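Engineer: This is what each chain is made of:
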Amino acid sequence: MFTLLKLELEKLFRARSFYLSFIVLIGFVALMLWGFYTYAARKTGGEAVEQFKYTYESKQYFNGLTFALYSLLFSFTLLLPIFVSMSAGSQIAGEARTGTLRMICTRPISRASLVLSKFLVTALHAGLLLAFFIGLNLVVGLIFVGWGNLELYPGPLNLVDVPGKIMRDDALMRFGYAAVSGTWALLVIAALALLCSVIFESPVQATVMTIAAYLTLYIVGRVEFFEHLRPYFFTTDMDFWRDVFKPEIPWQNLWHYASVCGAYTAGLLLATVVIFERKDIVT
Amino acid sequence: MWVKLILLFLFCLMIAGAVYFAEPSKSEDSNSTPRTQGSLRLLTWNIGYAELEDDTRAHDKDLPAVADVIMREDPDAVALQELTGDAQLKALLGLLKGKYRGAVAQQGNGDRFEAVLVKDSRATFTPVSVRNRYALAASFRSRSDSPEVVLLSAHTDAFNAARRRAYTEELIDWAQQRAQSAPVFIAGDFNFELKAANESNLYTDNLKHDSESYSHILRGFRDLGRSAGDTAINDRRIDYIFGPTDLKRVGRVEVLRNAAVGRMDHWPLLVEVNF
Chain A
1 MFTLLKLELE KLFRARSFYL SFIVLIGFVA LMLWGFYTYA ARKTGGEAVE
51 QFKYTYESKQ YFNGLTFALY SLLFSFTLLL PIFVSMSAGS QIAGEARTGT
101 LRMICTRPIS RASLVLSKFL VTALHAGLLL AFFIGLNLVV GLIFVGWGNL
151 ELYPGPLNLV DVPGKIMRDD ALMRFGYAAV SGTWALLVIA ALALLCSVIF
201 ESPVQATVMT IAAYLTLYIV GRVEFFEHLR PYFFTTDMDF WRDVFKPEIP
251 WQNLWHYASV CGAYTAGLLL ATVVIFERKD IVT
Chain B
1 MWVKLILLFL FCLMIAGAVY FAEPSKSEDS NSTPRTQGSL RLLTWNIGYA
51 ELEDDTRAHD KDLPAVADVI MREDPDAVAL QELTGDAQLK ALLGLLKGKY
101 RGAVAQQGNG DRFEAVLVKD SRATFTPVSV RNRYALAASF RSRSDSPEVV
151 LLSAHTDAFN AARRRAYTEE LIDWAQQRAQ SAPVFIAGDF NFELKAANES
201 NLYTDNLKHD SESYSHILRG FRDLGRSAGD TAINDRRIDY IFGPTDLKRV
251 GRVEVLRNAA VGRMDHWPLL VEVNF
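Keeping their order, the protein sequence lines are chains A and B.
Residue 276 in my numbering sits at position 276 of the first sequence; the count goes up by one each step and never skips.
Residue 223 in my numbering sits at position 223 of the second sequence; the count goes up by one each step and never skips.
Extracted from the complex, chain A is given alone in its bound form (with noise of 0.2 Å):
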């Protein structure tokens, strides 16, 4: 096992994909510095202060740990699945793909052990880019915005009900917790895009049918006509991670969805063990 993993981390390590993964997000917060830096100087020069006597869109408010929640919800939702579902996706249908994986089964090693290590590989992937992306946003929200607490109103980002303030240390301890329980989001859509790649011969085609079905979930449940839908799909589940940016944590609930995330993966995991263990592998 312990050879298995270290030979699917070298296929990590030496992969383009997993360095265009960090290339893409350095772009990524270089974009959000933009938009937030000229939105911050829009909001807090003469425009608003013409138009509303009282502002919370001060100085204090668009700060360096404002920026880093900002850009890491975004980024959440839409640019961090991809890269899990292309690096789960590739895992058994690009050995697949490359004529590899018919010799890797001939070894004396069990198939579910390979699926395991691959698994564990990609959650490897997946934390590496959390930490990285949360890191890069407070690094440079430091040095270009700067400072403060963190600052939470209700309405956007949708996070709390009434006003509410985190402390700078503690916010940044907060950003911690984030990327412990980001990642555990995020191995659903990895075990997801495993048993894709088991599936389907193609690593495009697996990665392809993850990110649709995330994006379908996703959506569909943002639109009033599905509203009682919305408690079953895992991407309603999977917004337990924020949870660790509310004033006061709700351990209960967060623990709730973490079990309810835990279980997804580790289903999607033995549904992928037992249809690869019975695939007819031809390639």
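Keep in mind that the hints were calculated from the coordinates and are not lab data.
No experiment lies behind these values; they were computed from the predicted model shown.
Mixed in with the good hints there might be a few duds.
[What the hints assert, rightly or not] Simulated crosslink set (DSS-like; lysine-lysine; CA at most 30 Å straight-line):
hint : chain 1 : residue 1 : chain 2 : residue 2
1    : B       : K4        : A       : K279
2    : A       : K246      : B       : K248
3    : B       : K195      : A       : K6
4    : A       : K165      : B       : K248
5    : B       : K208      : A       : K11
6    : A       : K165      : B       : K4
7    : A       : K246      : B       : K4
8    : A       : K165      : B       : K195
9    : A       : K246      : B       : K208
[Unchecked claim] Here are a few chain A residues that face chain B, going by a calculated C-beta distance under 7 Å:
hint : residue
10   : A30
11   : L31
12   : L33
13   : I109
14   : L120
15   : Y153
16   : G155
17   : P156
18   : P163
19   : G164
20   : W255
21   : H256
22   : S259
23   : G262
24   : A266
25   : A271
[Claimed, not checked] Restraint ranges, calculated between C-beta atoms of paired labels, are given here:
hint : chain 1 : residue 1 : chain 2 : residue 2 : range
26   : A       : S113      : B       : R226      : 46 to 54 Å
27   : A       : I219      : B       : R226      : 25 to 33 Å
28   : A       : F132      : B       : K248      : 50 to 58 Å
29   : B       : V261      : A       : D161      : 28 to 36 Å
30   : B       : D173      : A       : F226      : 25 to 33 Å
31   : A       : L120      : B       : C12       : 34 to 42 Å
32   : A       : K6        : B       : A16       : 27 to 35 Å
Note that CB positions come from ideal geometry on N, CA and C, so glycine has one too.
Given chain A, work out where chain B should sit, using these hints.
Structural biologist: Frame of chain A, contents of chain B only:
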């Protein structure tokens, strides 16, 4: 085999965890407060119609149903929105059999009026000019030995969040000044869209304006109807009753979801407090 067993065990463990940590359903505190000195029962209701109708203001044919709800719930004061004018208010007061006194606000830019009804026969009504519109304040006592309180009936712009924000700022300025001499309650249809999950965009200026308007009110007042849930169709909580932050007790808080008649798109919000 052991991998499958571990995964199966993890799957079962996670299901058990999800069940164990599931939050019990919250039971609503709908106990009525006994009427004592300092207790107050308030109701706010936008009795207008949904946007699809030709005339979205209150309809005369619905007034008996509105009066029935008011008589049944017996609030000390009622804030109404979207009346057509003084004649409609008089018709409603007639249906209330003289139990309430009332007034409508002056006409602002729009074609609809805010109104306040109170039981107290010595109540005074004050129009409050806010951004080319008029809100209406009533100063009254719930009992002859109770302290005087003020209820504001307000209605913000339905279509523009920036206008809602400017309106709210001026309204709260007035309320905070008045709150220095008497407890002030602000009730009405504020049209705040604060459920970001229902927005197709991740971040909009409209959401931000409503967020800041609501946050501005909460700097000096308490949102008394928060636990009662949505007050209008399409899962919207847009009707509010705000009160002083130092209330002794908040009793019954309820949205009367069976009260709407015709094509009304709002339900009345009822709040009982002790101050």
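Engineer: Hint by hint, say whether it matches the structure.
Structural biologist: A quick look at each hint next to the structure:
1. K4(B) - K279(A): 16 Å, holds
2. K246(A) - K248(B): 27 Å, holds
3. K195(B) - K6(A): The hint is violated at about 46 Å.
4. K165(A) - K248(B): 26 Å, holds
5. K208(B) - K11(A): 45 Å, violated
6. K165(A) - K4(B): 45 Å, violated
7. K246(A) - K4(B): 37 Å, violated
8. K165(A) - K195(B): 19 Å, holds
9. K246(A) - K208(B): Judged against 30 Å, a Cα distance of about 18 Å means the pair holds.
10. A30: 18 Å, violated
11. L31: L31(A) check fails; min Cβ-Cβ to chain B is 14 Å, beyond 7 Å.
12. L33: 15 Å, violated
13. I109: Hint on I109(A): violated, closest Cβ of chain B at ~11 Å, above 7 Å.
14. L120: This interface hint is violated because 11 Å lies over the 7 Å limit.
15. Y153: Since chain B brings a Cβ to about 4 Å from Y153(A), closer than 7 Å, the hint holds.
16. G155: 3 Å, holds
17. P156: Since the shortest Cβ distance to chain B is 5 Å, the answer is holds.
18. P163: 4 Å, holds
19. G164: 10 Å, violated
20. W255: 4 Å, holds
21. H256: 4 Å, holds
22. S259: 3 Å, holds
23. G262: 4 Å, holds
24. A266: 4 Å, holds
25. A271: 9 Å, violated
26. S113(A) - R226(B): 46 to 54 Å: 52 Å, holds
27. I219(A) - R226(B): 25 to 33 Å: 29 Å, holds
28. F132(A) - K248(B): 50 to 58 Å: Holds, since F132(A) and K248(B) (Cβ atoms, about 52 Å apart) stay within the stated range.
29. V261(B) - D161(A): 28 to 36 Å: 31 Å, holds
30. D173(B) - F226(A): 25 to 33 Å: At roughly 42 Å between Cβ atoms, F226(A) and D173(B) fall outside 25 to 33 Å, so the hint is violated.
31. L120(A) - C12(B): 34 to 42 Å: Check failed, 21 Å falls outside 34 to 42 Å.
32. K6(A) - A16(B): 27 to 35 Å: 34 Å, holds
When held up to the earlier numbered hints, the structure conflicts with 3, 5, 6, 7, 10, 11, 12, 13, 14, 19, 25, 30, 31 and fits the remainder.
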